[in-house]
Amino acid sequence: MADEEDAREAEQLSDTQKKEIAKWFLLNSPAGEIQYVAKDVRSVLDDDRVYNEAAAEAFPVLITSFGELEENEFLDPRTAQVAIVDHVKQACIDVRPATDEELPSPYIEEFRCSLDAEILKYVGEAYPKGICSVYCSKGKDVEGPGTEFELVVVISAARNSPQNFCNGSWRSVWNVEFKDDVQILELQGKLQVGAHYFEEGNVQLDAKHECKDSTIFQAPEESAFSIANIIRHHEAEYLTSLEACYTNLPDTTFKDLRRKLPVTRTLFPWHNTLQFSLTRDITKEFGIGK
Amino acid sequence: MEAAMGLMRRMPPKLSETALSALLSLLPHHSSDLLSQVDQPLQVLCDVECGKEFILCEYNRDADSYRSPWSCKYHPPLEDGAQPSSELRKLEIDANETFAIYRDQYYEGGISSVYMWEDDNEGFVACFLIKKDGSKTAQGRRGYLEEGAWDAIHVIEVGPDEDGTAHYCLTSTVMLSLTTHDESSGTFSLSGSIRRQMSMDLQVADGHLCNMGRMIEEMESKLRNSLDQVYFGKTKEMVCTLRPPAEVAQMRIPDS
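If you're matching them up, the sequences are chains D and S in order.
The opening position of the first sequence corresponds to residue 1 in my numbering, with each subsequent residue numbered one higher.
The opening position of the second sequence corresponds to residue 1001 in my numbering, with each subsequent residue numbered one higher.
It should be emphasised that the hints constitute simulated quantities derived from the structure, not laboratory data.
The model shown is predicted, which means the values in this text are computed figures rather than measured ones.
Idealized CB from N, CA, C, for every residue including glycine.
One should not assume that every hint holds.
[Unchecked claim] Partial chain S-side listing against chain D, Cβ under 10 angstroms, derived: (1) 1107; (2) 1135; (3) 1169.
[Claimed, not checked] Per the computed footprint, the stretches of chain D lying under chain S, defined by three or more beta-carbons under 8 angstroms from a beta-carbon of chain S, are: (4) 170–183; (5) 186–196; (6) 241–253.
[Said to hold, decoys possible] Each computed EDC-like pair below joins lysine to aspartate or glutamate, with the alpha-carbon atoms no more than 20 angstroms apart: (7) S:1136 to D:116; (8) D:190 to S:1182; (9) D:39 to S:1182; (10) D:212 to D:251; (11) S:1090 to S:1122; (12) D:212 to D:150; (13) D:208 to S:1182; (14) D:140 to D:116; (15) S:1014 to D:109; (16) D:255 to S:1157; (17) D:140 to D:186; (18) S:1073 to S:1133; (19) D:255 to S:1002; (20) D:179 to D:125; (21) D:179 to D:148; (22) S:1222 to D:177; (23) D:255 to S:1094; (24) D:140 to D:76; (25) S:1014 to S:1206; (26) S:1014 to D:33; (27) D:255 to D:243; (28) D:212 to S:1183; (29) D:212 to D:180; (30) S:1236 to D:200; (31) S:1236 to D:199; (32) D:260 to S:1133; (33) D:138 to D:186; (34) D:129 to S:1237; (35) S:1222 to D:199; (36) D:179 to D:109; (37) D:190 to S:1157; (38) D:208 to S:1122; (39) S:1090 to S:1157; (40) D:255 to S:1122.
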């Protein structure tokens, strides 16, 4: 009867709702902990079919979308190969060479390749365990000068130490617009850093930053050199700012939440609260007067 | 259930309310376990009669109503709602007044509440709560924080008087989050929660309030320092491991 059915529907979540919840957990998982989160979500869901659907929908967002050709195929421009990925197993199941249509034109490839080489050098120096890639996001079929195109630099570094209860990730994405008409390169960087420490507690850092810069449009090698230097400069500056944020914590930012000690610079006089039997305003005067 | 707790540990602390709702809808049969084991930011109601706010928790709840520590009345009104004994109520009133001043000294604002009730072992249990919104639009004095919240829950079990000494067992939970935002560093957000325990045997003659107060003060300072140095420090260490500061890395010199 309608009443009974309504009651059952109200109690149980629809498969779509369950899938959305599972996706939410997967997408919000801290860097490097996806396998653990995936395992827990699977266990809580207790429904493999719904879990597989959620995983397939959640994971494309995590691997860079710039290299995505089809739902399961990702282009690696450096090796001109395409990796076929199984989202559920989070593994690459096959590799094939990329076709000519999937790769950029020789004109674009010259720029892409020079930039890739410079970025590789930079990442090798700056990030102990970084990986990077340069994709063409706009105008990959441009044959020669006269048209705009855009390259994207993706840098990623992750450190997982579950035995030390600590994980972290650094992700930066730099869009470089090659504006042929004004002979200018415009860069826009989006940096994102995360860290998670969870020994007898649970603390997470989530930091984001956006920056812009520009330089002149030069030949592939010179452009690549400039771009890499700009990126290096901004990323190093950002790291310094982050360190400053941390240094400010104990005495400045944290103070807005809780002071280390009262204004009196002594512990609270629990045994002698008669002095506080009047209103709070007088208490403040008392504290400052001391 | 273990998987559910695993998820709660890994999800960003700022999203813990959403995560908990999600888990409650996926695992309705485990709702009481989930609610008792997972820490959630504190909610607040206003005692209109006294013009003061009070904090809600399991310890001042009866059915769907919450008892105000100021008027001792349930909101919404409840007939025969649970009440502490008149003796304990006196201590409760004292504790609320004193704790409010303590709170003001350390937190320069915020809301506090203390609830007490008799337990089965001739002792009693007291719950001290603090909620501070440190964002610059609320009570962040110096305006550093876009968003900032500190929620502290201290539950002390006080044993019976044995030859002038009583056993105090404190379990403290602190949940905090802070976000700063500026041109050079973008958005910087730290959030987390920790829980610790401390037990002491103290002289009853010093006064229960004094004994409990000192334990809480010591514990809060320890937790604040721990969060700041250890926990936040570890995340900073991790960032510097991912990308060591420029002094450590080589600078590249142009070939030409």
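Does the alpha-carbon distance linking residue 255 of chain D and residue 1157 of chain S stay inside the 20 angstroms limit?
-> Judged against 20 angstroms, a Cα distance of about 30 angstroms means the pair is violated.
Does the CB of residue 1169 of chain S sit less than 10 angstroms away from some CB of chain D?
-> violated, 18 angstroms
Residue 212 of chain D and residue 251 of chain D: Cα distance at most 20 angstroms?
-> Given pair residue 212 of chain D, residue 251 of chain D is violated - Cα atoms ~31 angstroms apart, limit 20 angstroms.
Can the restraint linking residue 140 of chain D and residue 116 of chain D be considered satisfied, given a maximum Cα separation of 20 angstroms?
-> Holds, at about 15 angstroms.
Pair hint outcome, residue 255 of chain D versus residue 243 of chain D [Cα-Cα no greater than 20 angstroms] = Between residue 255 of chain D and residue 243 of chain D the Cα gap is close to 18 angstroms, so the pair holds against 20 angstroms.
Going straight from one Cα to the other, do residue 39 of chain D and residue 1182 of chain S come out at no more than 20 angstroms?
-> violated, 38 angstroms
Restraint check for residue 255 of chain D with residue 1002 of chain S, where alpha carbons must lie at most 20 angstroms apart = Distance of about 36 angstroms is beyond 20 angstroms: violated.
Quickly compare the C-alpha distance for residue 1090 of chain S and residue 1122 of chain S to 20 angstroms and report which way the hint goes.
-> Cα-Cα ~17 angstroms, so holds.
Taking 20 angstroms as the top limit, are the C-alpha atoms of residue 1222 of chain S and residue 199 of chain D close enough?
-> Holds - the C-alpha atoms of residue 199 of chain D and residue 1222 of chain S are around 16 angstroms apart, at most 20 angstroms.
Has the given pair, residue 138 of chain D with residue 186 of chain D, been kept, meaning a C-alpha gap of at most 20 angstroms?
-> At roughly 14 angstroms apart (the allowed maximum being 20 angstroms), residue 186 of chain D and residue 138 of chain D satisfy the hint.
Going straight from one Cα to the other, do residue 208 of chain D and residue 1122 of chain S come out at no more than 20 angstroms?
-> At roughly 53 angstroms apart (the allowed maximum being 20 angstroms), residue 1122 of chain S and residue 208 of chain D break the hint.
Can residue 1135 of chain S be said to touch chain D, with a Cβ gap under 10 angstroms?
-> holds, 8 angstroms
Hint compliance for this structure: hints 3, 4, 7, 9, 10, 15, 16, 18, 19, 20, 22, 23, 25, 37, 38 and 40 are broken, all remaining hints hold.
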